[in-house]
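The working numbering applies: residue 60 is where the sequence shown begins, and numbers increase by one.
These are computed hints drawn from the structure, not numbers from a lab. Keep in mind that the hints are not guaranteed to be accurate.
[Stated by the list, open to error] Between beta-carbon pairs, the in silico distance windows are: (1) A171 to L322: 54 to 62 Å; (2) D200 to E485: 29 to 37 Å; (3) K116 to E69: 43 to 51 Å; (4) L390 to V151: 46 to 54 Å; (5) K431 to S121: 49 to 57 Å; (6) K63 to S273: 38 to 46 Å; (7) V151 to T66: 38 to 46 Å.
From a predicted model like this one, the values you see are computed outputs, not experimental measurements. Using N, Cα and C, we set each Cβ at its ideal position, and we do this for glycine too.
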Amino acid sequence: MAEKRVTRQEDYATWYNDLVYNADLAEHSDVRGCMVIKPYGYAIWENMRDVLDLKFKQTGHSNAYFPLFIPKSYLSKEAAHVDGFAKECAVVTHYRLKNAEDGSGVIVDPEAKLQEELIVRPTSETIIWNSYKNWIQSYRDLPILINQWANVVRWEMRTRLFLRTAEFLWQEGHTAHATKNEAIAEAEQMLDVYADFAENYMAMPVLKGRKTVSERFAGAEDTLCIEALMQDGKALQAGTSHFLGQNFAKAFDVKFADKEGKLDHVWATSWGVSTRLMGALIMTHSDDQGLVLPPALAPIQVVAVPIYRTEEERTEIGAKFNELDAALKALGIRFKYDDDDNRRPGWKFAEYENKGVPIRLAMGPRDLQNGKIEIARRDTKTKETIDFLNLPEVIKALLDDIQSSLLQRAKDFRSAHTHTIDSYDEFKVAIEKGGFFLAHWDGTPETEELIKQQTKATIRCIPFDMPSEPGKCMVTGKPSQCRVVFAKAY
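Taking the hints into account, I'd like the entire structure generated from these sequences.
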């Protein structure tokens, strides 16, 4: 008998962890707080990475790679930056091991202490700007538009696979510009790239907005973000783009000569998304039967399962599916024909449902004889028997429909769980049920912190498209020019 699954309503956290394991996406490592991303999970990340990488290159960016280790003194050069990351840093102090004299194993060699400690990369602004200092002399060297695909370490105490781990994968863009306006335009452009990717590939609607001063990236003058709403009513920050002003240029003395020969510090941005997007993808679409994937990112978009009794039937059905394989691949569709004899069709149906494959095909001898095939959708769990004629075109249209339907379903969910609220007493009750809450705030960090302490809700963003609507702060009654978005968050 199959093990009973925990549902989202019963225990959302357990449901999530079970899904990650059961869908074979990742598992905990023996290294505290770290994860092993398994092949199927990594294939989804590769699809994300490939799409984003192309978008970055289309907007003029190039990839580079910078060291994993950052001298401690670099972090000291930008005060807000070091304050933001000091509590999360892993520090390398020695460079050699030796055998213990008592034979108990290896120990750190006390004589191999580093002259300066090295920080395992929590983010790369400092070491990259130390390089930019040598690359930039005049306006002719600008802009520099660089992206890095890498791993980073932030020593989290409470971890959850993909959402928050001590080590994770990401990309980080770091750009240098001659003018403030160019840098601001870059930060806005890259946020648009992230929002387009979230909606058109992840089928995940996002709010675009600006972080409050207290929620900005450490060392930034402005942080732009995309925020998504998960099925448990919590918000998830899905991507950020930062206008860094001249802070890092001043910290590392990066100047350029303009066309008139005048020296000035360059203007900077940084922006990034991480494997946290994997968690967002899971929680946006999946159900109590397992993973649900949008076709644009699914490693397998269509899987075919033959049903047969004799080797002759297997050969005949296989020949038909091989024809389909060639036709689908010509359309750019990722197809798998599973004729593994060690698993029964029922097991395969359950396995591919669990792994979120958007379309499942099944065919037996009678179907073949009648020119029919069974086609099942993962998103709606519906199936029908259709003619084999024009099947590649039917499948392509169905994949497009699944992609758009998942986005619309997520939009409908967000709309149903977005509330406008004016009373703080009502807010304190309603926030426990989850969702986005549009409320007035007086703009002070003191009120923002009070709300956070009393309700665990934070201001997720000040949305770009929020109309001016003068009102009164729900807490203090002081004037407010527009509503902001509150939610509990991951």
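Taking the hints in turn, this is what the structure says about them:
| no. | hint | result |
| --- | --- | --- |
| 1 | A171 to L322: 54 to 62 Å | violated, 43 Å |
| 2 | D200 to E485: 29 to 37 Å | violated, 55 Å |
| 3 | K116 to E69: 43 to 51 Å | holds, 45 Å |
| 4 | L390 to V151: 46 to 54 Å | holds, 50 Å |
| 5 | K431 to S121: 49 to 57 Å | holds, 51 Å |
| 6 | K63 to S273: 38 to 46 Å | holds, 44 Å |
| 7 | V151 to T66: 38 to 46 Å | holds, 44 Å |
Checked against the numbered hints above, the structure violates hints 1, 2; every other hint is satisfied.
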